[in-house]
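Heads up: the sequence lines are chains L and W, in that order. Residue numbers for the first sequence follow UniProt numbering, so the first one is 1 and each next one is one higher. Residue numbers for the second sequence follow UniProt numbering, so the first one is 1 and each next one is one higher.
Bear in mind the hints are in silico, worked out from the structure with no lab data behind them. All residues carry an ideal CB built from backbone N, CA and C; glycine is no exception. Be careful, since some hints might not be right.
Now the stretches of chain W that chain L is said to cover, found in silico as 3 or more residues with beta-carbon under 8 Å [said to hold, decoys possible]:
| id | region |
| --- | --- |
| 1 | 178-184 |
| 2 | 227-234 |
| 3 | 620-631 |
With a straight-line cut-off of 20 Å between C-alpha atoms, the simulated EDC-like cross-links for lysine to aspartate or glutamate are [stated by the list, open to error]:
| id | chain 1 | residue 1 | chain 2 | residue 2 |
| --- | --- | --- | --- | --- |
| 4 | L | Lys618 | W | Glu623 |
| 5 | W | Lys179 | L | Glu606 |
| 6 | W | Lys179 | L | Glu191 |
| 7 | L | Lys177 | W | Glu631 |
| 8 | W | Lys177 | L | Glu631 |
| 9 | W | Lys179 | L | Glu631 |
| 10 | W | Lys190 | L | Glu631 |
| 11 | W | Lys127 | W | Glu161 |
| 12 | W | Lys69 | W | Asp97 |
| 13 | L | Lys190 | W | Glu631 |
| 14 | L | Lys190 | W | Asp97 |
| 15 | W | Lys177 | L | Glu39 |
2 protein chains.
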Amino acid sequence: MAIEDVLSDLKKKIEEKVPDGTTITSVEFEGPQLVVYTENPKNFADNGHIVRNLAKTLRTRIVVRPDPKVLVPPEDAIEKIKDTVPKDSILTNFHFDPDVGEVVIEAEKPGLVIGKHGETLREITKKIGWTPKVVRTPPIKSRTVNNIREFMRTNHKDRKEILKTVGRNIHRECTSKDKWVRVTSLGGCKEVGRSCFLLSTPESKVMIDCGVNVGSDDNMTPYLYLPEVQPLNQIDAVVLTHAHLDHQGLVPLLYKYGYEGPIYCTSPTRDMMVLLQLDYIDVAAKDGKRIPYESSNVRDGLKHTIALGFEEVTDIAPDIKLTFHNAGHIIGSAISHFHIGDGLHNVVITGDYKYGPTRLFDPAVNKFPRVETVITESTYGASSAIQPSLKEAEKNLQQIVKRTIANNGIVLIPAFAVGRSQEVMIVLEDAIRKGIIDDIPVYLDGMIWEATAIHATYPEYLNNNLRKLIFQKGQNPFLAECFKPVDSHDLRKKIINDPHPCVILATSGMMNAGPVMEYFKAFAPDPNNTLVFVGYQADGTLGRRIQKGWKEIPLSSKNGAEVVQMNMDVQVVDGFSGHSDRKQLMDFIKKMKPQPERVFTEHGDERSCIDLASSLHKKYRLETRALTNLETVRLV
Amino acid sequence: MAIEDVLSDLKKKIEEKVPDGTTITSVEFEGPQLVVYTENPKNFADNGHIVRNLAKTLRTRIVVRPDPKVLVPPEDAIEKIKDTVPKDSILTNFHFDPDVGEVVIEAEKPGLVIGKHGETLREITKKIGWTPKVVRTPPIKSRTVNNIREFMRTNHKDRKEILKTVGRNIHRECTSKDKWVRVTSLGGCKEVGRSCFLLSTPESKVMIDCGVNVGSDDNMTPYLYLPEVQPLNQIDAVVLTHAHLDHQGLVPLLYKYGYEGPIYCTSPTRDMMVLLQLDYIDVAAKDGKRIPYESSNVRDGLKHTIALGFEEVTDIAPDIKLTFHNAGHIIGSAISHFHIGDGLHNVVITGDYKYGPTRLFDPAVNKFPRVETVITESTYGASSAIQPSLKEAEKNLQQIVKRTIANNGIVLIPAFAVGRSQEVMIVLEDAIRKGIIDDIPVYLDGMIWEATAIHATYPEYLNNNLRKLIFQKGQNPFLAECFKPVDSHDLRKKIINDPHPCVILATSGMMNAGPVMEYFKAFAPDPNNTLVFVGYQADGTLGRRIQKGWKEIPLSSKNGAEVVQMNMDVQVVDGFSGHSDRKQLMDFIKKMKPQPERVFTEHGDERSCIDLASSLHKKYRLETRALTNLETVRLV
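Go ahead and model the full structure; you've got the sequences and the hints to work with.
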């Protein structure tokens, strides 16, 4: 059936179900949703069940939007909104988009604007005609979040066209008589970096992740030239598990080389992705390196991004439904569940995950309606890769900080901007609040503050504890007074030239560049200071050399080469990893409901992937295999 | 380097090596060969080592051709040829092709025209300028062979262009920095029928076989729509292991859908392929079925076919060399050895093979210069699939024939035209010649005679015994008097209406169509007659039903339905298979030199493929796996 006929059919079915006197102006697929335009949005607002029932009957996600005719002028609408919501919602901004009949309301307490079961929101809809969309006023000003919202607004017309194209593509007719499912490994198998898979059926192609291996010039990019992924414009969707560069760093390249489809990811992943991509371009430019794409390609990606929340079952291709589940690795990180065909097959691609609680996130989800095949990360898949518990790690860190302060020293922690930094921040804030360590400043330098701002924007992606603290107790630990963003050269100079006991969290995490180097040069010679590693240090990095015991560190500076005397106490605190350790990886599969039939391992060095696959087979009698880049396995 | 520069470079190098006074007019890649055009072909003919040394230095196959200026007029040339060769060569035809400066000489004894180490041929070259090419006068008139030779002659201009394109393509520059080898299973894995593989590297794509599953409408064709093989015009070469339809029946389809490259196979495979493809179209038309290609596509394929002999190392892509080795399955059947990159990897794809002597062929070759990966057929891969020896089978058949003759009965043998028929013919001829069975006529009906004619055209592809018989003793068993081709309806009627003790070999092999049915109807009621099965009878065929013991056979005829009373003695003679039995499959790998690292199984039902893979792993500690259609495995 032609798509126009499908839509006119749907329109008729909807008209049969709505109350008398409800005019449906048009229906249209926009992205994965079916949008119903009506002159009587009130009728829908009054009867919340109509949309729910329609969605059930038509087996698709439905959004109701007002016909432009019924929209109240913006100035009047703002007054009516203010009259409707409780005072302590604290409204900070409004944006009206006549294209979709939507008003975006920024509020410090979006929950109050929404009301119980969306009651207040329905009230607003009735009064103003516009569909209200509520977003949280970022509690810490994030340039990234602001820029992205602004970009989305100014590109709304383009986006509407994109969503229409995507929607019609998703709802096209299936034509093949064959039924099969294949997965092609394009990168990240028996290695870490450049993660990339292609899931394909006779109808559709979906790419999962498209990372860059920043540590390698030779094996930097996934095998995007393989025939399975070419031409790129025949790919239906790109799904991103999380925002680390080794999972999304080359997404802009796809747009450069002809991909025109959507990106599906969570909202925090989207924002963090843009932040990290632009930073990647910046850093490379400073190093005189060339990156194979430009910032315009980053914007192309953003324009095509469709944000999904956890547990939302979403059509992303005619025969593929995607559901994201919490992965517990970094903010917005998602385990991707694909339901293929009408009950034909279910694949779970984990991306990176933590199957255990952390300060920031709930443990990764491993319960699904159905699952036959799992593709799991294996970073700590080797049988020897048991990590200390988070509690031990925290205690260890606290004691190191206490000791150093007692010696009037400074604690320098090289850290990745996203994930570990925020985990360590929460640990320190908690210890300071509870008086376990003295009330010293915790300086945040590099991209850490901006990444933290994104965390603060999306508390619904943090764990229960943190959400309660923020929403019920009004205590946002990221806003604690101890945290001092280093937002100027002057402040950095002051910290260096007039040192007082403090903790400094600074990028980069492996000490190969970034502001951490300036602090290191200044503080290395004093044996009262402590250098604390909380993350993995790869071979060839300065971090690794220092761990090995180097005492004279040659560094290049503005004045040529210099040698830094390294006298600081060096400490390694394991246990803060956002990855599951060996036991957690095994448990994740063991306790999965339902039990999968087959597990493939990836994302780990060769030994780790093979060790995990072999142990899972021996212990749980599952069919397992360590995947190899460039192979295509058949699932059904 | 551009191809023109490569050629001009080569020309210079050749000019340095040839004797003074030798003018090289031009050099050109034609197919896998480098052709050197010269005004002085004599100089090359006098010095056989020049070409050999050049080939070694330049690492390519070299052919010397005369510049058109030096060619003696055809009439004079014929006289000179006749004067040069021994009388008993018996020249039967000449064809001059001025495009390539070649004269094709048809002789009953081509060896005499060639002379010791090619001496006579060089003599001829010197006298006439033309490059002589000697082919055997077909000892039995084969319409197929004649038509193919005629077709090749009339299309020589097209072919020259094709060969030039192919040659330049093979010798293009390699550009990828990556090094990998992959194999995609497009059909014939865990099944028999539609055999098809794709071997690919970053530089090249080679398809091995492209069969049709004649027994299945749903799974008739290989997965040619997979992205790995699309677009078809990016495939460098199609390699055919042998001429059975399940290995080559869809090659014409490739040309219909845009493939423009060469087919590599042996000469008998080429001729048999055309015969079987045209017959496939014919039979389908009679059955009212539609085949997805036309005879023009068969001709396209033929025009693009480059015949290779056994043991000739041939460049078929910039980074792939192909060598065919005897497979012992049917005439011209070849085991394909691929040498990839400069020592990067060696894959052997067996196709169907017999690792044991038969009346017709030597056992399959399993010694290679190097081999890491083997992909082996598994038709009889199940541990239970042990076949009787050929000797037992022969004895069995002889006794059945003797017994039937003694009863004044008729022996009817349904048989496939290619392979088993000729094997049984030789057995019968031998027994008649030796007086083991009486001198009765052996009637050959259906395509058997034409297939036999092709066997007789290529005695160099038969085994040592047969070659000796034919070449040294002048005894061609296919020409024995006992064999009577049924070449008219009248003769068939006569055999049926006036029955005498005889053997009738008739197609089809599973009694689902063909002339065998007419004999069956006539001879079924008489219990003195014998029906002998020498090949596998698939489920659903009449042959299988008779084996199960059906006594009343409903058949459709011109006068509507009729029921045939089945009283014949039914005998099954196993052991004539052209496939290796279980033990031979195991031995083929066990005794392979050198030992491969990894064996993949295919071409067998699921149980057979898995059983063989698992046994090979357990017994010989090799990495093994039964391949699945639609997967792509990485070899390096």
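Now the hints, each set against the structure:
no.: 1; hint: 178-184; verdict: holds (count 4)
no.: 2; hint: 227-234; verdict: holds (count 4)
no.: 3; hint: 620-631; verdict: holds (count 4)
no.: 4; hint: Lys618(L) <-> Glu623(W); verdict: holds, 18 Å
no.: 5; hint: Lys179(W) <-> Glu606(L); verdict: holds, 19 Å
no.: 6; hint: Lys179(W) <-> Glu191(L); verdict: holds, 17 Å
no.: 7; hint: Lys177(L) <-> Glu631(W); verdict: holds, 19 Å
no.: 8; hint: Lys177(W) <-> Glu631(L); verdict: holds, 19 Å
no.: 9; hint: Lys179(W) <-> Glu631(L); verdict: holds, 14 Å
no.: 10; hint: Lys190(W) <-> Glu631(L); verdict: holds, 19 Å
no.: 11; hint: Lys127(W) <-> Glu161(W); verdict: violated, 28 Å
no.: 12; hint: Lys69(W) <-> Asp97(W); verdict: holds, 14 Å
no.: 13; hint: Lys190(L) <-> Glu631(W); verdict: holds, 19 Å
no.: 14; hint: Lys190(L) <-> Asp97(W); verdict: violated, 58 Å
no.: 15; hint: Lys177(W) <-> Glu39(L); verdict: violated, 61 Å
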